[in-house]
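Starting from the structure of chain A, add chains B, C, D, E, F, G and H where the hints point.
Chains as they are written, first to last, in the working numbering: chain A, 10 to 257; chain B, 10 to 257; chain C, 10 to 257; chain D, 10 to 257; chain E, 10 to 257; chain F, 10 to 257; chain G, 10 to 257; chain H, 10 to 257.
Bear in mind the hints are in silico, worked out from the structure with no lab data behind them.
Among these hints, one or two may not hold up.
[Unchecked claim] Cross-link-like lysine-lysine pairs, in silico, DSS-like; alpha carbons within 30 Å at most:
1. Lys20/H - Lys171/G
2. Lys94/H - Lys94/A
3. Lys117/A - Lys99/A
[Said to hold, decoys possible] The calculated label-pair distances, taken between Cβ atoms and stated as ranges, are:
4. Asp91/H - Gly124/F: 40 to 46 Å
5. Thr66/E - Gln105/F: 23 to 29 Å
6. Leu102/E - Ser96/C: 29 to 35 Å
7. Gly18/C - Gly108/E: 41 to 47 Å
8. Asp91/H - Ser97/A: 23 to 29 Å
9. Gly79/G - Glu17/C: 45 to 51 Å
10. Ala63/E - Gly108/F: 18 to 24 Å
11. Gly124/F - Pro119/H: 22 to 28 Å
12. Asp103/B - Pro119/F: 54 to 60 Å
13. Gly18/G - Asp91/C: 54 to 60 Å
14. Glu93/C - Asn80/F: 54 to 60 Å
15. Asp173/G - Gly108/H: 43 to 49 Å
16. Asp91/H - Thr172/G: 35 to 41 Å
A virtual CB, placed ideally from N, CA and C, is assigned to each residue, including glycine.
These are the residues of each chain, in order.
There are 8 protein chains.
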Amino acid sequence: MDIRELLEGVKEGRIPVEKAVLALKTAPFTDLGFAKTDNHRAIRQGCTEVIYGAGKTAEQCSAIASSLIGNGAECVMVTRCDAEKASSIKTPLDSQYHGDARILVIGKPPSPREGSRVAVVTAGTSDIPVAEEAAVTAETLGSKVIRIYDVGVSGLHRLLSKTDELMTANAVVVVAGMEGALPSVVGGLVDVPVIAVPTSVGYGASFEGVTALLSMMNSCSSDVSVVNIDNGFGAGYIAGLIDRRTTR
Amino acid sequence: MDIRELLEGVKEGRIPVEKAVLALKTAPFTDLGFAKTDNHRAIRQGCTEVIYGAGKTAEQCSAIASSLIGNGAECVMVTRCDAEKASSIKTPLDSQYHGDARILVIGKPPSPREGSRVAVVTAGTSDIPVAEEAAVTAETLGSKVIRIYDVGVSGLHRLLSKTDELMTANAVVVVAGMEGALPSVVGGLVDVPVIAVPTSVGYGASFEGVTALLSMMNSCSSDVSVVNIDNGFGAGYIAGLIDRRTTR
Amino acid sequence: MDIRELLEGVKEGRIPVEKAVLALKTAPFTDLGFAKTDNHRAIRQGCTEVIYGAGKTAEQCSAIASSLIGNGAECVMVTRCDAEKASSIKTPLDSQYHGDARILVIGKPPSPREGSRVAVVTAGTSDIPVAEEAAVTAETLGSKVIRIYDVGVSGLHRLLSKTDELMTANAVVVVAGMEGALPSVVGGLVDVPVIAVPTSVGYGASFEGVTALLSMMNSCSSDVSVVNIDNGFGAGYIAGLIDRRTTR
Amino acid sequence: MDIRELLEGVKEGRIPVEKAVLALKTAPFTDLGFAKTDNHRAIRQGCTEVIYGAGKTAEQCSAIASSLIGNGAECVMVTRCDAEKASSIKTPLDSQYHGDARILVIGKPPSPREGSRVAVVTAGTSDIPVAEEAAVTAETLGSKVIRIYDVGVSGLHRLLSKTDELMTANAVVVVAGMEGALPSVVGGLVDVPVIAVPTSVGYGASFEGVTALLSMMNSCSSDVSVVNIDNGFGAGYIAGLIDRRTTR
Amino acid sequence: MDIRELLEGVKEGRIPVEKAVLALKTAPFTDLGFAKTDNHRAIRQGCTEVIYGAGKTAEQCSAIASSLIGNGAECVMVTRCDAEKASSIKTPLDSQYHGDARILVIGKPPSPREGSRVAVVTAGTSDIPVAEEAAVTAETLGSKVIRIYDVGVSGLHRLLSKTDELMTANAVVVVAGMEGALPSVVGGLVDVPVIAVPTSVGYGASFEGVTALLSMMNSCSSDVSVVNIDNGFGAGYIAGLIDRRTTR
Amino acid sequence: MDIRELLEGVKEGRIPVEKAVLALKTAPFTDLGFAKTDNHRAIRQGCTEVIYGAGKTAEQCSAIASSLIGNGAECVMVTRCDAEKASSIKTPLDSQYHGDARILVIGKPPSPREGSRVAVVTAGTSDIPVAEEAAVTAETLGSKVIRIYDVGVSGLHRLLSKTDELMTANAVVVVAGMEGALPSVVGGLVDVPVIAVPTSVGYGASFEGVTALLSMMNSCSSDVSVVNIDNGFGAGYIAGLIDRRTTR
Amino acid sequence: MDIRELLEGVKEGRIPVEKAVLALKTAPFTDLGFAKTDNHRAIRQGCTEVIYGAGKTAEQCSAIASSLIGNGAECVMVTRCDAEKASSIKTPLDSQYHGDARILVIGKPPSPREGSRVAVVTAGTSDIPVAEEAAVTAETLGSKVIRIYDVGVSGLHRLLSKTDELMTANAVVVVAGMEGALPSVVGGLVDVPVIAVPTSVGYGASFEGVTALLSMMNSCSSDVSVVNIDNGFGAGYIAGLIDRRTTR
Amino acid sequence: MDIRELLEGVKEGRIPVEKAVLALKTAPFTDLGFAKTDNHRAIRQGCTEVIYGAGKTAEQCSAIASSLIGNGAECVMVTRCDAEKASSIKTPLDSQYHGDARILVIGKPPSPREGSRVAVVTAGTSDIPVAEEAAVTAETLGSKVIRIYDVGVSGLHRLLSKTDELMTANAVVVVAGMEGALPSVVGGLVDVPVIAVPTSVGYGASFEGVTALLSMMNSCSSDVSVVNIDNGFGAGYIAGLIDRRTTR
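Bound conformation, chain A alone (with noise of 0.2 Å):
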C-alpha cells in the first residue's frame, strides 16, 4: 500500500532513492537486538500486541512491550506468563494479571463490541486454565465472551441444557482432553465455526493431548478446525478475529 505512495514521493523528488531503499527495507520493526518488534502488525492486523512470555526474561518482555506501547500500542498482552514473572514485568500503563489464564494484560482492553458473543467451553474442570487463556484472549481483542465449563459428552444432558446459549454465538471454542469428543458434539448443535483446542489433560494413552489432537482432526463435524495441544491463546484469537468481522 506504502509502496505506491513511497514511489510517489521518489518520483516527485520529495523522497529521496536512498530513503525509500532504507524505508522499504527496515521501516517495519525496532530491532532490540534479541529481537525485531513487528511495528506495522497493528496496522496491518488491526488488533492488540501479543507478547509470547514463554522463554523469554522478565526483562525482556518488559523491553518489548515499552518498545511497542511507545509505537502506539495501547494494549499488549503477555501470555504463558507465570505470577512471578508478571509481577517483575515493568510496564508503563496499569496492567491486569489473569492467574488463570496466566495472562498479563498492559494498557486497556477495549469495551465489548455490540452484538459480540464469542463461547468458551470445557469438557472437564482440568480444562478451565487453557479455556481461560482462550476467553482472556479473546476479551481483550474486543469480544464478550460466555463460559460454558465442565460439559463433557459422558453426561450429555449437561451440555443440552446450554444449547441455547451455544447457538447464539458467533464463535465457539471447545476445550477437551482425553478423547477429544466434545468439538464433534458441539459442532453437530451449532452453525458457527468452531475452534477445537486439545489439552494435554489425561494419563496413559492420552499421550499429553495427542490423542485428543488427533481426534478432533477427525471430527465428523464439518466445522470444526484444531489449533494446538493447550494452545487457547490461538483458539481465542481466531474466534475473536470471526467475532470482529461478524459484528463490525
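Chains B, C, D, E, F, G and H alone, transformed into the frame defined by chain A:
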C-alpha cells in the same frame, strides 16, 4: 426451540402425550435403514446439505439425495465422488459435476453474496485438487472464491505479488503438502482467519501429509487453525461459514 | 478338572502311567500338521468353535471344521471369510453365509436365550460391516441382537431417540471410526459394559483406525473397554459372554 | 423415563410449562461453577458415585462429595488420591483410605453380593498398585475380589497353580506391564470376559505402557478387551458391572 | 591374519610392495559393478554364502552365485526368492527350491552335525513361512531342526505337550505375530538362547509386526533377543551359529 | 539488486510509477495457470533449472520446459520422470534420458569444471537408483562424479579399499537404507561435508527408510547432514553447490 | 520330568492322590505375598538366580534373596540396584557391589570356565554403565569377559586394532547409542552371535534409544540380534548362555 | 597414506615386521581407559579437535584435552559444557567460555580467513542458544560469522530486509523450532548450501523439535540439508567446512 411449542400444545390438549413423546424422539431424521438422514440440519445449521460420498454406493447416494430434496433441500453436494459414481447417481434436480474437486452438486447453488470473498491458496501444482474441493464447497455455500495457486515459499516473490488479493479476503484457505510452511507465511500477511489444509503431497518423511499437518499445528502465526489431511471440504465449509457471517 | 479323575484311575491301576502321561500331554487337541485344533475349548469355554479364516485356504478351513465337528462341535463359525472362500469350504453340516459380516456359520446356532439382549451401535454407514461381524457373532453364541446404525455424535438426536433400546441391553457394542467419540457418549447413557470397536473408516490423520482406538482408550466414561481395530468378532464374542452370564 | 411422567403432569395442568422446560434442562446436575455434579447417575447407572481426584484440589473434592451425598449418594469414591490429599478432604460420612490403590472411600460400601467373584491378576510385583485400584473399585461396587499376584508368563507354573480360582470367577482383571502377554494366556484358560490393564511398568521400548497396550489389543484370545494404561479403576468398574449382572 | 604372512613376504622380497598394497586393499571381494562379492567371508565367518534375493534380478543372482562358487563356495543360499525367480536362476551346481521358505539352495548343504538340535516354534499357522525360512537356513548351516508349529499362548496345553522337545534344543527360534507373547513363555521353559522373530501376521493395531516386535523387546524372560520383522533368515542363521559352537 | 536501478529510473522519469509497481510485483515468474515458472532463479541461484516431474503430466512438463528455455535457460532437468513420460515430453532442444536416475536432461549440460570431484557412495546394490539420481544431478550442474557402490559396513574391507578416492572428493553423497550406518563411517574417513540420503530399501522395522533417516540424523560423525528419504536429487544438488564453490 | 516320578509314586500308593495334585500345582515356587519366588529355575535353567531390583524395596529384595538362598541358591544377583539400596539389603552371604553396573552380587559367583570368552564392546564412553551391567552379569554366570570400550564407527581404526580380541570370543555384546551402527560393523568382522544393546545415550532424534534400537533391528549383518534399550543384563545373560554351551 | 611408507620401511629392513603390524593397528589413538583419543583426526580432517562434553566429567574432559594438546593440537573445543563444568576443567592453555553457546574454547582459535562468511539465522529469540553453538563452532574453525536473529516467517519483512547479507554468505545455518519453515524460505533466496537445525523450541505437537525436523526434511528448497535437533555444533562444523573449501 420446538420444545416450548410442543409443550404448549400438550398443555392445551391439542397434542396428545403419546404423540409429543414420539415427536421429541423421531422427528429430526428419516431412517433409510443404512442411514439416518438429517432433515433438520438445514434449519439448524442454515446451509446446503452434504453427502460424504466415499464408501457409499451410487444407489445409496441417490436415495439420500432424494430423501433430502423430498424434505425440502434445494441444493445437495456429494463429496469424494469420482466421475463414474457421479454419472450413476440419479438426481431429481439438475446437477453439475466438478472433476478436479470430485464434487457433484445437485440442484442450484446460491449466487455469491455481496461482499463475499474467500481466498484459496496452494503451495504447488499437486495441491490443486484439494484446493478445488475447498473452492467448490465455498462457492456452493454462496461465497465468491479467489484462486491463488502455486505460490510456495521457496519462491516468495510469487506469493508477495498476490498480497493485495489476500488482504481483501474475509477468510483464507491455504493448501500445502511437504513441509506445510505456507500457512504461517500467509498468516503473517493477513488479518482474517486462515484455515490450513495439509495435503498428502510429498514422499519419504512427509508421511502422507502428517509432516505438513504437524507443521501447521505449530504455526508461529496466531490466526491459523487446521483441518484433516486432504480435507478441502472442511476448510471450504468453515471459510464459507466465516464469509457468510461477515457478509450478512 | 480331569486331572483328579485321571489320577484316581492311575491309583486304582485302571490307567497305566504311560497312558496317563500321554493323556495329560496330548489329549486336548488334534494335530493336523499345519494346525492343532482345540477339542477341549467347547468344554473349557462352553461355546461355539471359531475358525479365523484370514490366511487359511478353503481346504484348511474345511479340514479344521471337519475335525471340530467330528469331535462333537455342533456349530462352527468361520470369520474373515469372503464369499468366494465360503463357497469353496466343504461342510459336513448345513451352513449359512453372512455377506456383510463375512462369516460362514456351519451347523445350527442356538436359539436366542430368554432375556438375552445385546445392542450393536454404529456411528456411520461405513461402520456397518464391522458391526455385522459383531452382531452375527453374538447371535451365533445365542444372543438376541438389537441393531442401531448411523447414530454418530454430530447429530445427537438420532442417538437420543434410541435411548430406551440402549438402556435395556445387557451389553452394548459400539462401532466407530474417525474420531471414535460415540462409545463415550453411549457409555454415559447406559449402566452395562460397553465394548468399543474402532474401525479403519476415515482418512488422513485417522491412521487406519488408530485415532479412533486411542480416543476410545481415553474414554471419559468408565464402562468402556476396547478391542482391536475392525475386530467386530471379538466385541461380539465378549458381549455374548456377558449376555450369557446375565441370562443364565 | 421421567419424560412421560413430566408430560402427564403438564397435560393435567399440575406442572406448568415453564417448570417442565426447566426440569427437562436443569434437573440432572448441580452446578458448582468449576464442576457440574451428576445427580442422576446413581439412578441412571445404579452405582456408587466416583470422583476422579487427579487435578482436583482437596477443597474441590470435598465440595463435590458433599454435593453428591447431599443429593442422596450413600457411598462416594475418590480415585487417584494421594495420602496427603485424602487426609485433607472433609467428608460428611466416615471414610477409609486405601493406600496402595490411592482411593478414598467415603460412606459405607455395600457388602459383597452372594455368588460374586472377580479375579484380579498381576504379572509382577510392580503391577500391584494398579491391581489394587481395580480390586478396591470392584469391592466398593459390591464384588468379592480374589487377588492373584506375580504370576507372569516367564514362570507359567505359578499361573497354572491358580487355574481353579481363575475358572470360577465371573470376570477377570489382568494387570501387566512390559510385554503384556498375561491377558492372552489367562484368556485362553477362562470362559468369562477378561479386562486387560496395561501398566507403565518397564523401561526402554516399553514406552510407558504403550507396548503392553498394543500387545493386549492384539490378543489371540477372543475374550480380552482393554482399558487405558494404569486404568485400574476402569477395569475394576467394568468387572464389577459384569459381576453384578451375573449375580442379580 | 593374512597381514602377517603378507608382510613376511614383503620383508623377504618375495612380494613387491605395490602388490602388497593392492592385496591389502582389493583381495577380499570381486567387483561385479553392481555388487562386490565377498570372497573371504567363508574363510572369515566359516559358513555357507548367502545372497539376499529381494531387489536383485535372476541375472544378478546368477552372476553373484557363479562368482562365489567360482571362488570356492560349496553351497550358496538365495533368500527372499520367489518360485519364478528361482526357476530363472542359472546355477553351476544342482539346486533345490524350498517354496514355503522362499529359499533356493545351490550346491550341497552339509549333513547335520552330531548333537545338533535347533527348535523352530510358531504361534500360529500363518507364521509358518517365516519359520520355514529360519528352519531351512539352519539346516543349510548343518543343524538338525525340530519344527513345533501352531502352539500359541491362547491354548497353553499345546505348547506344554512339547516341553521335552523344547528343553533338549541347543537354541530355539520362536516365530509369532499379533501380540508376540510366545517367546516370553518359551523363554521361561528353556535354558538356552531364544531368538524371537516378530511376524507381520495380524491386523489393525498389530502395525505389520511392530507390536509383536515391541512386545518381544520387552520380554520378561531374560534369554530372549529379537531380530527384524519376518526375518526368519537372521534367526535361523544365529540359531545355527549357536548350535554349531555347541556341537563342535 | 534491481530495486535500486528501478528506483533510479523512476526518479529520472524514465520508468513510470505504474510500470515500476508492476515490475516489482510480476516480473520474476511466468504464470501458466497451473504453475508459476521462476524466470529469475537462474540469475538468482546461478544454475540449471529443475522440474519436479512427479505428479505433473508430460504436457505440463513440456509447457514448463518450453517456458524456461524460452526465457533463456540452456539446460533443464526433469526429475522423477519415468521412461514413458520422458518419451512423451516435447523438448525444443536435444535431450538425454537417464533410466536408472529417472531424469530427463533437456539441452546441453555444462562440462565438468576443473578440479571438480563429487563422490557418490552406496551401501548396497538396491540403493543404486537413488545414487544415480544424485550423480546425474551433480553432473548436470557441472561436477565430475566418482561412483563407489555396494560398500556397506558389514564388509568393511570393501569400503576401506576406496579410501583414497573418498579422501580426494570435494563433497561426498552417501546413500544407504536399512540401518543407515554408512554415512557415519564415511564421515569419519573424510574432511569434507557428507550429505546422507536414507533410502526406502529394507523391510519390517526399516519403516520405508525412516530408520535409516533417524540413524543418519544421529550420526556420531560431525560432518554429516541429511536429506529426505530417497531424495537423491537434493543430495546431488547440494554436493554440486559445494563442489562449485570449491572449484570456482 | 518329575511328573513321571510322581505318577509312579501315585501308582505304587506311596503318594496319595491329594498330595500329588498339590505337588503338581504348588511346588515350584514360594509365595511371599507380594512375590512368588521361583525355586525350580536354577534346576530348570541351570544358572544363578536374578532379582530385578527396580521398583522393589530393599526389604523386598532381602526377603526374596533369603528365600532363594534358603532354597539352595549359591549366588543371587540384584540388578538395577543403586548404591543406597544395595547398602540396605540384608544378605545371608557375603556380597559385592558393582557401582558402574548397579549390580549387587550375593554369595560367591563361579570361577570363569576354561575356554570361556565373552567380548563386551561400546561405541562411546557414555555407554559404559550399560556395558558393565552386561559384563558383570556374564562374569557372574561364569564367563571370562574382555572389555573393549569407546571404539565407535566414526574412528574405525580404534575398532580395527581390536579385531583379534573380537575374533576369538564365543559371543560378543555390542553396546551403542546414537545411530547404533557399531553392531553391524562388528557383526561383519566376527563369526559368532552378536547381541546388540541400544542405549539411551544421545539427544534429539535419538528418542532415548529408539533410533539405535531400530537401527540395530535392521542390521545388514546376519548375526545380530537385539535386546531392549539399556538392557545390559539381558545381553550379558544371553552371551553367558552361549558361552556356557560353547565351553561345556 | 602412511601404509606405503611403512611398507617401504619394511622392505628395506628399517622397520621390523612386528613393529609394522603394531603401527598399523595402534598408532592413531591414545587409550585413556574410558576413552580413546583420536590423535590423527587433526591430520586426517584438518581441523580443531572437539570434545563432546555431555555425560563426561570435568576430570575426563581435562584428561582428554591434555592428551590432545600434548599430541600437538593447538585449539580444543568442549561442547555441551555448562558454566560450572567449564570452570572445573583444567586446561594447559588459556581458554574462553561462551555462555550462550555452552562451549569452552581451549587454546587460540585461528583468525577468520579472508573472504570467509557464514550466516547464522534464527526464527525466534528462543533459538539463539543453538544458533550461538553453531556460530562459535564456525568461528573456532576460522570462519567469519554474520548473525541474523529473530526473522521468523510470520513477519516476512524482517527477513527480506536482510536479503543482501544472506546472499553474500558462503554457507547459511538456519535455526528454527515450532513449524521449522524458515529454512525453506531462506533456501529460496540464496544459492549456497543451507544447513537447517531444528530446535526443541515449542510445545504440544512440536514434540520437542520432531515437527521442525520433519518439516525441514521435506523442504521444497533443494539446497537444504538437516542435522539433529538442537545440533548447533554439527551445523556450524559443516558450514565451517564449506566456508573453508570456498576460501582456500
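Inset, instruction - Hint by hint, work out which the structure violates, then give me just those numbers in ascending order. - result: Violated: hints 6 and 9.
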